[in-house]
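Top line first, the protein sequences correspond to chains D and C.
Counting along the first sequence from 1, when you hit position 102 you're at 102 in the UniProt record's numbering, and nothing is skipped either side.
Counting along the second sequence from 1, when you hit position 517 you're at 517 in the UniProt record's numbering, and nothing is skipped either side.
Be aware that a few hints might be false.
Mimicking DSS-like on lysine-lysine, the simulated pairs with C-alpha atoms at most 30 Å apart in a straight line are [to be verified]: (1) Lys289/D - Lys714/C; (2) Lys664/D - Lys132/C; (3) Lys571/C - Lys250/D; (4) Lys359/C - Lys694/C; (5) Lys609/C - Lys694/C; (6) Lys622/C - Lys41/C; (7) Lys714/D - Lys275/C; (8) Lys139/C - Lys110/C; (9) Lys698/C - Lys664/C; (10) Lys711/D - Lys571/C; (11) Lys67/C - Lys36/D; (12) Lys67/D - Lys35/C; (13) Lys664/C - Lys664/D; (14) Lys694/C - Lys575/C; (15) Lys139/D - Lys41/D; (16) Lys664/C - Lys694/C; (17) Lys698/D - Lys711/D; (18) Lys458/C - Lys41/C; (19) Lys35/C - Lys515/C; (20) Lys275/D - Lys714/C; (21) Lys132/C - Lys35/D; (22) Lys664/D - Lys275/C; (23) Lys36/D - Lys664/C; (24) Lys250/C - Lys664/D; (25) Lys250/D - Lys675/C; (26) Lys67/D - Lys139/C; (27) Lys132/C - Lys250/D; (28) Lys67/D - Lys258/C; (29) Lys714/D - Lys250/C; (30) Lys458/C - Lys139/C; (31) Lys622/C - Lys653/D; (32) Lys622/D - Lys521/D; (33) Lys675/D - Lys250/C; (34) Lys664/D - Lys694/D; (35) Lys35/D - Lys359/C.
Just so you know, the hints here were simulated from the structure itself, not pulled from any lab data.
Number of protein chains: 2
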Amino acid sequence: MNQPLFLYILLQLSFLIAPFNMSAQEDYKLWLQYKKVQDTKIATNYHSKINGIVALGNSETIQTAIKEIQLGLSGLIGHQITLQKNTNTENMLILGNQSSLDEAVLKNVKSEFDLINNEGYIIKTIQLKNKKHILITAKTDIGVLYGVFNFLKLLQTNQQIENLAITDSPRINIRMLNHWDNLDRTVERGYAGFSLWNWQKLPDFIDQRYIDYARANASIGINGTVINNVNANALILTPQYLEKVEALAKVFRPYGIKVYLTARFSAPIEIGGLKTADPFDAAVKNWWKEKAAEIYARIPDFGGFLVKANSEGQPGPQNYGRNHVDGANMLADAVAPFGGIVMWRAFVYSEHDVNDRAKQAYSEFVPYDGQFRNNVIVQVKNGAIDFQPREPFHPMFGAMPKTPLMMEFQITQEYLGFSTHLVYLPKLYQEVLESDTYSKGKGSTVAKIIDGTVDNHKISGIAGVANIGNDINWTGHPFAQANWYGFGRLAWNPYQDSETIAEDWLRMTFSNDEKFIKPVKEMMLESREAVVNYMTPLGLHHIMDTGHHYGPGPWVSNLSRPDWNPTYYHKADTKGIGFDRSKTGSNATAQYSPEVAKIFDDVANCPEKDLLWFHHISWDYKLKNGETLWNSLALKYQEGVNQVESMNTTWNKMEQYVDQVRFKEVQMLLNIQHKEAKWWRDACLLYFQQYSGKELPKSVEKPTQTLNYFKSLKFPFAPGN
Amino acid sequence: MNQPLFLYILLQLSFLIAPFNMSAQEDYKLWLQYKKVQDTKIATNYHSKINGIVALGNSETIQTAIKEIQLGLSGLIGHQITLQKNTNTENMLILGNQSSLDEAVLKNVKSEFDLINNEGYIIKTIQLKNKKHILITAKTDIGVLYGVFNFLKLLQTNQQIENLAITDSPRINIRMLNHWDNLDRTVERGYAGFSLWNWQKLPDFIDQRYIDYARANASIGINGTVINNVNANALILTPQYLEKVEALAKVFRPYGIKVYLTARFSAPIEIGGLKTADPFDAAVKNWWKEKAAEIYARIPDFGGFLVKANSEGQPGPQNYGRNHVDGANMLADAVAPFGGIVMWRAFVYSEHDVNDRAKQAYSEFVPYDGQFRNNVIVQVKNGAIDFQPREPFHPMFGAMPKTPLMMEFQITQEYLGFSTHLVYLPKLYQEVLESDTYSKGKGSTVAKIIDGTVDNHKISGIAGVANIGNDINWTGHPFAQANWYGFGRLAWNPYQDSETIAEDWLRMTFSNDEKFIKPVKEMMLESREAVVNYMTPLGLHHIMDTGHHYGPGPWVSNLSRPDWNPTYYHKADTKGIGFDRSKTGSNATAQYSPEVAKIFDDVANCPEKDLLWFHHISWDYKLKNGETLWNSLALKYQEGVNQVESMNTTWNKMEQYVDQVRFKEVQMLLNIQHKEAKWWRDACLLYFQQYSGKELPKSVEKPTQTLNYFKSLKFPFAPGN
């Protein structure tokens, strides 16, 4: 029986080509793959430098650190590194906090301890009795755990570990995720499946995912998590649910992660049986005090409350003629005795306020500066509108020197293509963090405002709205894991370069092969500008389709609130396009420091990337490239599409460096992104063309569908809505 | 620096004890673990008998078979078994359908081909030129794939593979899963997360899970899937969704799995723009014909429609004064030209019908016998009420000889503790399948009714309401995987013993170690009786709490429909308890064959396990054990609790045989089950005690809470509701 040879080969190939394991293992492991180091020279060297582990202390956190280092080393080096009782043999890896170290060890790191804070760590090669060892230490056990993860990172990224002398500390106190998770496990703006929290099986069933979630967060220094939606349900504060929250807090505790909850302002009515939630009402104050005591009895290290009040229909102090200060301080007093904090969101805009929505949060909150309790921190979105592909930094940053402001970034891609589009967000975060508010003169960057250095605040914080769900790969898109990772890295140190972070993530997640790193890193770094170009170039914003925000909807103009309509934001007409927020318009520019306002106000000096955010510009206006605004707009949309095309080209060359499952996932997703980038280009240009009345430049591809076709598209079950 | 030895040991242990990998890999792989055969003797023997693979044919299905055999063998044997061009060397594994075999091979299996049907397979050791080989063949490519999975099963269960001579064929044509999945990805009665189908990313993103779902189903012979909820949404029939369904059908096709959809009867109005959905209306008939043509243009092997009509608020032909025959036949005519079928559900009961709900489906459908088109099959739940822990077989089985009846089992545990309780359902399925309807005299078992042998039907079918969700382990409870597996095995052969199936599943999923198999198999086999005992002993039924059906609610009596109230079903009063369905009562017994009715009618002969299903019995009535009904009821509840306790004891001894993650998962879940079994016992006994007015027997533990406490429990976000 003879098979034609071609068939035989074809079958052999088919086995090579098709992904075929029942495994999404790599996907699940995130950046903690701990695969064996490929370069055998490096691997051997690592092994020779790490003969054993000497662990000091016995807290849950230290035990966690030991397990992690053993797990990591056994994977990376390929040998189980065992625990030793002492440092008699050389090349021990010594783990322990400051108090656990004896003099012989301590004198090696005296000066380093002055360089770190309570969560910082030291990784240093030391000599004991002429024997070299590597010491990982810190002032606290959690610092030791952070040191362990960062030591493992050195190996994961194939760096040398001779004569190590590393000290590092987080610049921001509160580094947290905000989960917009509902109790029915749907996730508002969630695109990676559904909530991780299986409320029905809690408290008695601890999903392995809870542990791995904590590991992943600890590995990047995240130390807090708000596990429920800011559009809150009071039931989370009932004993039935607090028992479940307590179980999660117990899982997260050894990893240095505090649990926080959102507080529904009307909870005293809904679950407390009171007639009012007025923050001045004695019974209400007392109810919150007792509720706080009840929570802390279960969770002694409970972090505190996050509150969305009088915003988008949520109840708040204004329902009772009180203001945000009254509400925030009342809750702050309830948690203060237990060391808790209140994070009060500044994301407010009123249907009764006819002013530019971009101005409202500033107008409402800035006058309150100095009136909040010292355990209140005001949480401000990075921009004045709502997590757009690009926004100028929020004018509140730098404007409330007496109030600690907490940054709220969005990791989930509500307005950036869900978990379908590859967009590397740390690039966006860095742009915001580096923006100069000039609040205390040049160099008063947003980073320095939120880490408290400009105004010397004791508490500082940064929150990322999580993109995590119960998809096997956690984030829906394999590359969306980089946004979770990158957020954590910037939360630890907001001065880091997003390029370094991208490279670390790629090495830890995929491969250390330069032929992979270089092109894929470039692809990531370009991805954010690409999405701006094919969705909202030149300062356009909020022209996504209604409700779900999936795809273009610049034509939407019929929503109950004017400031929910895309037409409110682009203001396209036959004269031109853009929102005049300059002196001649809403004068939102006046909310910035004079140095900044001056630049934004002046059409000629306003950065073109923000042009239509601040100005209504004639279609014929010439940009720096010499092209008219209309042509430039069209060319930007085309450029975005071209960028996604080249992302595809890059990725298609990477098959040999990536496991089949992830290679194909990314390939399929990039294809969809390319399709949808064209959809954005065609829909927006056809729509704006009605007003410009001009032809598309030659280098812009002609739309393949009519405007009516694009308007007709409906997505009744778009996720996250 | 010296560590106290105890601490050193403690730390070493902590690493052994705590599960600590970021992996739920085993969980995900289901019964297709393909782990290396532990017994080296057996492994060596397997390797010696399989030197290579000679694959004939080049269909997608054959390529799939090749990939699966290579994946399986490389795992089980630990060596990659390569493809060979011919059988010149001995011990080849030859794969190919009948037409691909040459004479030399064919003459070895001439007689076997007469023993199998189109989906059957042959696994036989043959001789070619004095060289031994193993042949896996069939009449069709899908038969070959089934043969491959069953050959792998031999290895997975460590059976010998000398002189093989196996022929096997499925006894039932249509072996399918029903997914009650909604387009928003919630799953009605789903307890394993949310829907697998990511509609937003379809059609262009093919989740690896879709492929692995198909592999798992093909491995047990499932050949159809209804991917959306019987409480249907017409949007699934729009081009926007059909394009996505087409993509799934393409993934499933090589695995022999046909896609079916539920048809919302009012679709012609909702998405067709018609004024009516009257099955006699020409425009309606035409709309369905064109819709069918549209679907088949995309999916040539589309299976057909599943319809829930005029049931629990779903629209149907009765809205237009027509009947079920009119509706079913109209749809049947639409799909007939393409070879499609219509599965019409018999799960109907009317709020306007004051008769015993258990009688209504029979009363309505039996008169229609013989009036349905020959491509209509009526889908009947295993019992007359609704997927209870135990029900007598549905009286419709055997009562409609001219109509093929399709069995509908529920795999998801709506009334059996969700995915939290370990209940091995094949035991329940077997009990139903072995029930004798006496429709054509003794031996007319339900199995013989549904496989068509009693009444010589051309089409036969069996459906299982899936327990599959996007949890990493697919089914929420690791042991719930056995219910998916077991359903498939019984769908292939409804005469199999559930004990054999449990043993195969345990060996494939966990271990071949007898010290594990024996006790855990016993635990599984006992689990179904345990849940009956602690929930609904002695024929009690439908006393679960309202809506979500989680936990006990025998007191519920205030629902809009009387036949939704638990009190309707148990009818407890001071005289006694139970639903009199005998001659003296609703006379539901008369719907069974006289031989069966006679037994159920007679209190003395009625099986005690069904006693309160058919009779209202005095609290003092003496059961065969000599105890009063009240005491027996209480003792049964206690027995259920004791059984779960011993399941815990058994499992706790199994740690050494199971990976840490799954061991702990099952351990935690069994603990919850034990808690909830007590909850059931205490709540039900306290409630019924109000009527019996009697003390609990000594051997029954005293309740630790009051009846009011149990009544006060609320589960606002219980899953699946």
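The hints, checked one at a time:
1. Using a Cα cut-off of 30 Å, the hinted pair Lys289/D and Lys714/C holds, with the two alpha carbons roughly 26 Å apart.
2. Taken as a hint, the Lys664/D and Lys132/C pair is broken in the structure, with Cα atoms around 40 Å apart against an allowance of 30 Å.
3. Only pairs whose Cα atoms come within 30 Å are accepted, and Lys571/C paired with Lys250/D is rejected, the gap being roughly 45 Å.
4. Only pairs whose Cα atoms come within 30 Å are accepted, and Lys359/C paired with Lys694/C is rejected, the gap being roughly 33 Å.
5. A C-alpha spacing of about 22 Å is found between Lys609/C and Lys694/C, which places the hinted pair at or below 30 Å, so the restraint holds.
6. At roughly 58 Å between alpha-carbon atoms, Lys622/C and Lys41/C are farther apart than 30 Å, so this suggested pair is violated.
7. Between Lys714/D and Lys275/C the alpha-carbon distance is near 23 Å, which keeps this suggested pair within the 30 Å criterion.
8. Taking the CA atoms of Lys139/C and Lys110/C, the gap is about 12 Å. The hint holds against a cut of 30 Å.
9. Of the pairs offered as hints, the one joining Lys698/C and Lys664/C is violated, with about 34 Å between alpha carbons and a cut-off of 30 Å exceeded.
10. At most 30 Å may separate the alpha-carbon atoms for a hinted pair to count; Lys711/D and Lys571/C exceed this at roughly 58 Å.
11. Restraint check for Lys67/C and Lys36/D: satisfied, since their Cα atoms lie roughly 27 Å apart, inside the 30 Å limit.
12. About 25 Å separates the Cα atoms of Lys67/D and Lys35/C, which keeps this hinted pair within 30 Å; it holds.
13. In summary, the hint linking Lys664/C to Lys664/D is not supported, as the alpha carbons are separated by about 33 Å, beyond the 30 Å threshold.
14. Restraint check for Lys694/C and Lys575/C: the C-alpha separation of about 12 Å stays at or below 30 Å, so the hint holds.
15. The straight-line distance between the Cα atoms of Lys139/D and Lys41/D is roughly 34 Å, outside the 30 Å bound, and the hint therefore fails.
16. A C-alpha spacing of about 41 Å is found between Lys664/C and Lys694/C, which places the hinted pair above 30 Å, so the restraint is violated.
17. For the given pair, Lys698/D sits about 25 Å from Lys711/D by alpha-carbon distance, which is consistent with the 30 Å threshold.
18. With a CA separation close to 47 Å, the supplied pair Lys458/C and Lys41/C exceeds the 30 Å bound.
19. Between the alpha carbons of Lys35/C and Lys515/C the distance comes to roughly 18 Å, so the proposed pair stays at or under 30 Å and holds.
20. For the given pair, Lys275/D sits about 23 Å from Lys714/C by alpha-carbon distance, which is consistent with the 30 Å threshold.
21. A C-alpha spacing of about 42 Å is found between Lys132/C and Lys35/D, which places the hinted pair above 30 Å, so the restraint is violated.
22. A threshold of 30 Å between alpha carbons decides the hint, and for Lys664/D with Lys275/C the separation of about 46 Å lies outside it, so the pair is violated.
23. Between Lys36/D and Lys664/C the alpha-carbon distance is near 28 Å, which keeps this suggested pair within the 30 Å criterion.
24. Pair hint Lys250/C plus Lys664/D holds up; C-alpha atoms about 17 Å apart against a cutoff of 30 Å.
25. The suggested pairing of Lys250/D with Lys675/C holds, with an alpha-carbon distance near 21 Å, which does not exceed 30 Å.
26. As the CA atoms of Lys67/D and Lys139/C are separated by approximately 54 Å, the hinted pair breaks the 30 Å bound.
27. Simply put, Lys132/C and Lys250/D have alpha-carbon atoms about 61 Å apart, too far for the 30 Å limit, and the pair is violated.
28. Between Lys67/D and Lys258/C, the direct Cα distance comes to roughly 47 Å. Violation of the 30 Å bound is thereby established for this hinted pair.
29. Between Lys714/D and Lys250/C, the direct Cα distance comes to roughly 25 Å. Compliance with the 30 Å bound is thereby established for this hinted pair.
30. With a C-alpha separation of about 19 Å, the suggested pairing of Lys458/C with Lys139/C holds against the 30 Å cut-off.
31. Annotation: proposed proximity of Lys622/C to Lys653/D is violated, straight-line Cα distance about 79 Å (limit 30 Å).
32. For the proposed pair Lys622/D and Lys521/D, the alpha carbon gap of about 34 Å is over 30 Å, so the pair is violated.
33. At roughly 21 Å between alpha-carbon atoms, Lys675/D and Lys250/C fall within 30 Å of each other, so this suggested pair holds.
34. Our distance criterion of 30 Å between C-alpha atoms is broken by Lys664/D and Lys694/D, whose separation comes to about 41 Å.
35. Between Lys35/D and Lys359/C, the direct Cα distance comes to roughly 62 Å. Violation of the 30 Å bound is thereby established for this hinted pair.
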